[in-house]
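A.B. asks: All chains should be built: construct the whole structure from the sequences, respecting the hints.
2 protein chains.
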Amino acid sequence: MKQSQLFTKTKKESPADEVSLNAELLIKAGFINKEMSGAYSYLPLGLRVLNKIENIIREEMNAIGGQEVVLTSLQEKSTWDKTGRWSDEVVDNWFKTKLKNDTELGLAFTHEEPLTRIMKEFISSYRDLPCAVYQFQTKFRNEARAKSGIIRTREFVMKDLYSFCKDEAEHLEFYDKAKVAYKNIFSRVGIGQLTYLTFASGGVFSKYSHEFQTITSTGEDTIYVDENKGIAINKEVYNDEVISNLGLSKEILAENNAVEVGNIFTLGTRFSDAFDLTYQTESGEKKPVFMGSYGIGPARLMGTIVEVLSDDKGIIWPETVAPFKVHLLVLGDDENIRKEADLLYEDLSLKGVEVLYDDRIESSAGEKFADSDLIGIPYRLVVSKRSNSSSGYEIKKRTENNGKVLSKDELLSLLM
Amino acid sequence: MKQSQLFTKTKKESPADEVSLNAELLIKAGFINKEMSGAYSYLPLGLRVLNKIENIIREEMNAIGGQEVVLTSLQEKSTWDKTGRWSDEVVDNWFKTKLKNDTELGLAFTHEEPLTRIMKEFISSYRDLPCAVYQFQTKFRNEARAKSGIIRTREFVMKDLYSFCKDEAEHLEFYDKAKVAYKNIFSRVGIGQLTYLTFASGGVFSKYSHEFQTITSTGEDTIYVDENKGIAINKEVYNDEVISNLGLSKEILAENNAVEVGNIFTLGTRFSDAFDLTYQTESGEKKPVFMGSYGIGPARLMGTIVEVLSDDKGIIWPETVAPFKVHLLVLGDDENIRKEADLLYEDLSLKGVEVLYDDRIESSAGEKFADSDLIGIPYRLVVSKRSNSSSGYEIKKRTENNGKVLSKDELLSLLM
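Chains as they are written, first to last, in my numbering: chain A, 1 to 416; chain B, 1 to 416.
Since the list gives no way to pick out one identical chain from another, each pair is judged satisfied if it fits inside one copy or across any two copies.
Derived pair list, reagent style DSS-like, types lysine-lysine, alpha-carbon separation capped at 30 angstroms:
#  : residue 1 : residue 2
1  : Lys98     : Lys82
2  : Lys139    : Lys82
3  : Lys77     : Lys12
4  : Lys139    : Lys120
5  : Lys100    : Lys235
6  : Lys183    : Lys2
7  : Lys139    : Lys96
8  : Lys396    : Lys9
9  : Lys77     : Lys98
10 : Lys147    : Lys120
11 : Lys325    : Lys12
12 : Lys235    : Lys177
13 : Lys120    : Lys313
14 : Lys250    : Lys207
15 : Lys179    : Lys2
16 : Lys12     : Lys368
17 : Lys368    : Lys404
18 : Lys313    : Lys385
19 : Lys139    : Lys100
20 : Lys120    : Lys2
21 : Lys147    : Lys12
22 : Lys96     : Lys34
23 : Lys177    : Lys229
24 : Lys139    : Lys34
25 : Lys339    : Lys9
26 : Lys12     : Lys120
27 : Lys397    : Lys12
28 : Lys286    : Lys368
29 : Lys96     : Lys147
Read the hints as simulated data drawn from the structure, not as lab findings.
C.D. replies: Set out below in structure tokens:
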């Protein structure tokens, strides 16, 4: 895409009303716009990143057999009365609204209830199990205080998957597959090294739930990490008994701030009991379906990536989620140089390389370099009088301080 | 995908609480689930259709230079006060809700106001114009009475594009390109022949707005069609003056029921005036930006396709939006026949043909044929004792009554 046509522009000043690094950088670089506290719009660059993150998650959910759906935000009281979760005293972050005839409706903050209701239509026999259903869908949560930029908001897309199994054994088999899929996701989006499977408080049906926590100084959570074993304990369950249960040793565990980037729960039969979601076993017995839930927020992931992968000049996107792979800069207004940059842009685009082409005439070289560092595309490619087809092209990785000069062939073999 | 693994199933009975054909067929065939009046969830088959429709729209919007974003549903009063559209007396289909501190919020029913506010950050010079910004985003509309299945709902994804131009002339140039893009969309999703550019009531800034109306006996609107010229007049502006203005003749115009599948509006400077969205001309003059808006509801399009393309056995999807291209049915439980069908499924899938494979063991041939007609995939391919690799495969189009027997090579050249 040509930057002269991209409608967003970078800002010189940081937004006055943001304290979080991720929102500050993403707004300055033109990825997002703050609509109000806790609600952000995604502009072209931001939406490209979000879509790439979502596609990685989608591939991993499909790989474990997930089937994609989209449920509604609008919710009726009767569905949620079955589990007692309609009451604002039980769930304190509902947004409620009303139909014209004064019927109260809720905006879903999660979807166990409506999906369990749907599955009653389709699950009746052991032949229908196991199955896993997921969606990318906008959740609304009436947070008392929205904070941390796009990491904790009042409106956000969540990938929520729900599993339906015959019994706990079948559930645990799926649950382990989901753990692996989650690890794949964090590693593919570039924060695998910093992300730990973390034991957190469980519920009625399991001793622990599992969170995935990414270490960052600005994280809201505190975790205790065993780096060798690659696991951690959330402060909320950090005590001698848990440490010993997990076969860990207090001396090794290191305290860190972290942000929760995913969580997986064993739900057991809590929701299937409430909705009478049962199946007939091979021997004709009636049994409740055993459920699990698995959440990940793509925008929270995006915010966390920015928190942990940036420097004082701007964002440093991993290639897998970057809005473009290459930022092509043409410097100066020499006609021949510009023509050469145009050709290089067309050539790379035709070969399927995603290029943002800074073809702006009114911007100085200094502005273009600064914008490029702020936006954080992995490769910066410069065409100028100094650097062109006869001398070779100057390419620099965002993660490195020095570039190198490559011939066109070398360039293509690097980028394709 | 193997049908034995698809979690949805077809239903024998029509839903008791649906009067519209589209909802009745889509629920019976397992494409959607009704959450409440005016709110439907999209199950795997339905989501596949919706995504295909959205991708066709996306391609056409990108082709006219549209840049994709996603704005928020949650809206603050102050933004909408600028145009006077916050009041429930002015706009009668708001859903409103509240923050914990009692601040009133709205759920966006459209996005002129928030997008104009955003564009103020980025548009300041003639160099920034023209530009076009669009999104696929969930709208909430508090309809007094939801009806017509997924054609008129309270929660639905809308593609809304907004154009920003220097003046009316530049706007009209873009507006004409948008008209062509819209025609392409309706033709690509299979209802081009039945869809007419329709003159409807305008606003402050233009004599007419333009609707795209698809003829169907169940449509809520009445239009008067000149079939030769390929245009129509909405009943709301149907009078002698308009007929003569458009150079049409009353004798030729045929009255039809129709459903509005898209609309495009000249907004002029109504919103840019309210938000002081201006730009500096080349000569240094300050001028208001000239705007237009262009809407299409992918689900409404999906519902309309079902209304106009179905028969007494079920849905007849056009290939471009069908959930799968081929419905492969294996009949009987003969091991060799099943193996042969398995191989054919793998072979077609590897070659990139989208196949739904009815590999269910417990279903009879009659049930499989009935399900296939109901679901409406364009090609039905049968592997049975009568029809296999030695004799050839039996393939039938959903639109035709009789199939033919093809060798594997003929089959592949037909489907790839």
